[in-house]
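Engineer: Below are the chains, spelled out letter by letter.
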Amino acid sequence: MKHTNMKKMIALALATIMLVALCACGGGSSEPEAEASAEAFKLGGTGPLTGGAAIYGNAAKNGAQIAVDEINAQGGIQFELKYEDDANDAEKAVNAYNSLKDWGMQISLGSVTSTPANATSAEGFTDRIFSLTPSASAPTVIEGKDNMFQMCFLDYPTQGGASAQYISDMALGEKIGIIWKNDEDYSTGLRNSFVDKAAELGLNIVAESTFTEGNNDFSVQLTEMQNAGVDVVFLPMYYQPASLIFAQADAMGYAPKWFGVDGMDGILAMEGFDPTLAEGVMLLTPFNADSTDEATQAFVAKYQELYNDIPNQFAADAYDCVYAYKQALEAAGATPDMTAEQLNDLMIEQFTSMSFDGLTGTGMTWDSTGAVSKSAHGMVIQDGAYAGLD
Amino acid sequence: MTFLNYLLSGISLGSIYAIIALGYTMVYGIAKMLNFAHGDVIMVGSYICFFAVSRFALPPVVGVLAAMAVCTVLGILVERLAYKPLRAAPSLAVLITAIGVSYFLQNGAQLLWTPNPKVFPSVVGNGRLALFGGQLTVSYVTLVTIASCVVIMIALTLFTGHTKMGKAMRACSEDKGAAQLMGINVNSTISVTFAIGSGLAAVAGVLLCSAYPNLVPTTGSMPGIKAFTAAVFGGIGSIPGAMLGGILLGVIEIFAKAYISTQLSDAVVFAVLIIVLLVKPAGLLGKKISEKV
Amino acid sequence: MKKKITLTKYTRSSFLTYGLVIVAYVILQAMVLTGSISSSLKGMLVPICAYVVMAVSLNLTVGVLGELSLGHAGFMSVGAFTGVIAAIALEGIIPVGWLRLVIAMAVGAAFAAVAGFLIGIPVLRLKGDYLAIVTLAFGEIIKSVLNNFYVGMDSDGLHFSLLSDRTGLAEGGRMIVNGPMGITGITKLSTFTAGFVLVMLTLFIVFNLVSSRSGRAIKSIRDNRIAAESVGINVTKYRLMAFVTSAALAGAAGPLFAMNYSNIIANKFDFNTSILILVFVVLGGLGNMLGSIIAAAALTILPEALRQFADYRMLIYAIVLILVMLITNNPTLAAWSDVIREKLRGALRKDRASAAKGGDGHE
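From first to last, the protein sequence lines stand for chains A, B and C.
Heads up: the first sequence begins at 1 in my numbering, then just goes up one per residue.
Heads up: the second sequence begins at 1 in my numbering, then just goes up one per residue.
Heads up: the third sequence begins at 1 in my numbering, then just goes up one per residue.
Calculated directly from the structure, the hints in this document are not laboratory data.
All values reported here derive from a predicted model rather than from experimental measurement.
Incorrect hints may appear among the rest.
[Stated by the list, open to error] Straight-line distance between alpha carbons at most 20 Å, and here's what the computed EDC-like set of lysine to aspartate or glutamate pairs gives:
(1) C:Lys-188 x A:Glu-143
(2) C:Lys-42 x A:Asp-127
(3) A:Lys-145 x A:Asp-127
(4) C:Lys-188 x A:Asp-127
(5) A:Lys-257 x A:Asp-169
(6) A:Lys-302 x A:Asp-290
(7) A:Lys-82 x C:Asp-311
(8) A:Lys-326 x A:Asp-357
(9) C:Lys-188 x A:Asp-146
(10) B:Lys-280 x B:Asp-175
(11) A:Lys-175 x A:Asp-196
(12) A:Lys-326 x A:Asp-69
(13) C:Lys-188 x C:Glu-91
(14) C:Lys-127 x B:Glu-174
Work out the full structure: start from the sequences and follow the hints.
Structural biologist: Next comes the structure, spelled out in structure tokens:
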């Protein structure tokens, strides 16, 4: 009895010491850094740097870092970039956002994924900190918030619908099937907009099947598709589950046409992935790491050199975000000693009026809702590389 | 035929759960602790095999052996450093430490090997057997998985039933104090149990990633939880129980997806589990221990 | 002559807990008002309150009732979703924010209590790890169902649908719960003061329950179920009482947490969250409510304070967790601090004795 009491006491003592120490460091750090440094714009962003979605957050962080280093080396406008981990969770994203505020963030790259972005965009709207998110594509991220802008196109209305339109226009198949991840907002949103558009176009969706996080066995879903005689399967998902679907379909001897989404970009860069499995996969994506475009090649080469990996569209979007900021800040004549609120108003003005050329598109414009207008390229995977579809 | 195909998928998935569940159950039976880090040992094993085969182009057998060796050492290390000092502590304290170890392994793996998913090379070969004129196909991975599961279970049953160390394990599981009085070294018995459990985890990891070739630092967590469920389902502490629980769980999961709803398959699996436990409160093959008054 | 008030040891420790919570609230609120608090810490005040309520309520199940629950986040989830739906549905009717928050918490608590009751009946027939796994299963079922749950609201009222987003919503209606996307566009109604009030209320309920006749019955069941049964204690009733109370309090914490953010998804309340809360309880000490409070606060702040370590943050968090468990369970250290405590107590007693001149040596 005494022993357990003692244990509690020690636990308490330790916890208290920890708490006091943390409060002290949490409270003190805000004071000196809250003021804007005079030389560089403080650019902050949150993304999943740890956990299951870490690949997206790290890609965005790395892409943004390359852009910042390039811009800083040129002289002129200077950036100081800080990415904080949100583990793809709304609560931690708000914590990360607050910690960036303490650091003195003036303009923001929002959050990388949609659920955290929904939470941080509400905070940024209230605090009047302008944000341009590289990849959080849910409509709710920008809805009703005048200072929230997106670099990627809106998944749900744009991409799902565009995919259905494309399948219909090209008459890719008679019987359409969908496999989607029903516990993920990205996948569900794309599926819903695809289904809506398909109904409008009179596409014949004969089979639908779902999966959830942590489920790696697709035998049932694929058998359903096969039994329904599906010849085009729409896969609104990230590339990780898609790679499993391709492998298992191959093992079953089932070979329909696959139609993917921008989240599937990156599949060819997976270490150990057999590109023949993805042969003939079609997807709409704004970025193509194999493009012969000079800027893209330079970016890909630098990314590979620094991070030993091929960049995906998250990296490219984040890279573009920083350059878009550079263009907007220069055009507005903004200086790093301005407050976040001043910059916020300038950025709203610039972004709704400017046109931007980047890796993920040319002639990009933004409307007052914050949604970007750029075209998605139809790509098809041929001989282990992307090729334009049109 | 579709039914048979589903059944085979279920048994194959279930066999992987079963091998993971065997590790859970052995450790639980002897150390009376839920080793939540078990799923992450699986992940480490998969990575070791991946690097051996993909990066160093070693033959798959060497990869599997390397994974087993590393996991065995890891299991013993974790046991020595994190669990052994807590032998006298309440079981919940050990549980939390295990969770800490699980966080540690996941985050360590992410730092060492990046969060980027890797495609696991098949250590079995990608071929498949076509039966009944191609209506029923069985991949080699499935066959090897099911076969390994059966072999491991038989080997473990023989080991615990007939060897000296196996008997010592059973004695420790019944009553540690009495076992010690009979001259059994309880500490080293527990260490051996962890070593075996972790070695099995490596095998499970290799099979898991061969069947579902996708490797990230969180690869082990969901199968870990499912296998833990399977171990309880079959009656925790019982070796045939873990096997039966694992296979049933896999089959129920596939059937729930196929015949009820893919959207709610997890809910269906857990609902079946609850119903079974209400009918058999100690799991399918668990020992019903009469309470001392 | 004044009447001597004798406080039991338990009452004294509960007063200490109330006191410390009030002091912490006053200090932090003063820091908020004077603006001397970092945004980071300020942003964590409400979630800390929610986690404290979760930890204290789980401690009732794990520490006082003695049953391991691995699905506590499920009840929080039920409370969060039902409470927020209520708050949104009442937006047009009740304009007062704090009143809607109170209603949301009450609704959340009520639904979670019902869920706790329905789950408790089968669960409490089981024991030990089997009970734990069934609570885990229920947590996963709740998550899975909520991920496929759609609620819309239009002029006709609320529409519900499972599995499909077609809720038969009229034109101009609003989707409140949108499957895996959860609830978005939540008005942030939660405040630190609301959180503080809920923490105090939770402590009040839990302390009173534990020190009541029912509480003694519950503890007797924990310590020896058969003996308790043999003296005529209705085991099922008291176990259910503790379990349902615990669920209801978690349900009240749900809306507090959810309405601190603009959106909430079902996957937030998964197995990992249940485990996190269990970590608070075990680290703080079973049955020790003050311990739960401090552990919940410290472990919520710790990952934030470790941000400076960037990539190594969660690795360090894991190491700290392991080390704390090892150190607090180290017999040598415990014996060593036993000695110190005895000395302190001896010194105190001497002081008191000399002050009261041997008056009342009442312990």
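Engineer: Now, for every hint given, state plainly whether the structure supports it.
Structural biologist: So, going through the hints one by one against the coordinates:
no., hint, in the structure
1, C:Lys-188 x A:Glu-143, "holds, 16 Å"
2, C:Lys-42 x A:Asp-127, "holds, 14 Å"
3, A:Lys-145 x A:Asp-127, "holds, 12 Å"
4, C:Lys-188 x A:Asp-127, "holds, 14 Å"
5, A:Lys-257 x A:Asp-169, "holds, 15 Å"
6, A:Lys-302 x A:Asp-290, "holds, 14 Å"
7, A:Lys-82 x C:Asp-311, "holds, 13 Å"
8, A:Lys-326 x A:Asp-357, "holds, 12 Å"
9, C:Lys-188 x A:Asp-146, "holds, 18 Å"
10, B:Lys-280 x B:Asp-175, "violated, 24 Å"
11, A:Lys-175 x A:Asp-196, "holds, 16 Å"
12, A:Lys-326 x A:Asp-69, "holds, 12 Å"
13, C:Lys-188 x C:Glu-91, "holds, 12 Å"
14, C:Lys-127 x B:Glu-174, "holds, 19 Å"
The structure does not agree with numbered hint 10 stated previously, though it agrees with all others.
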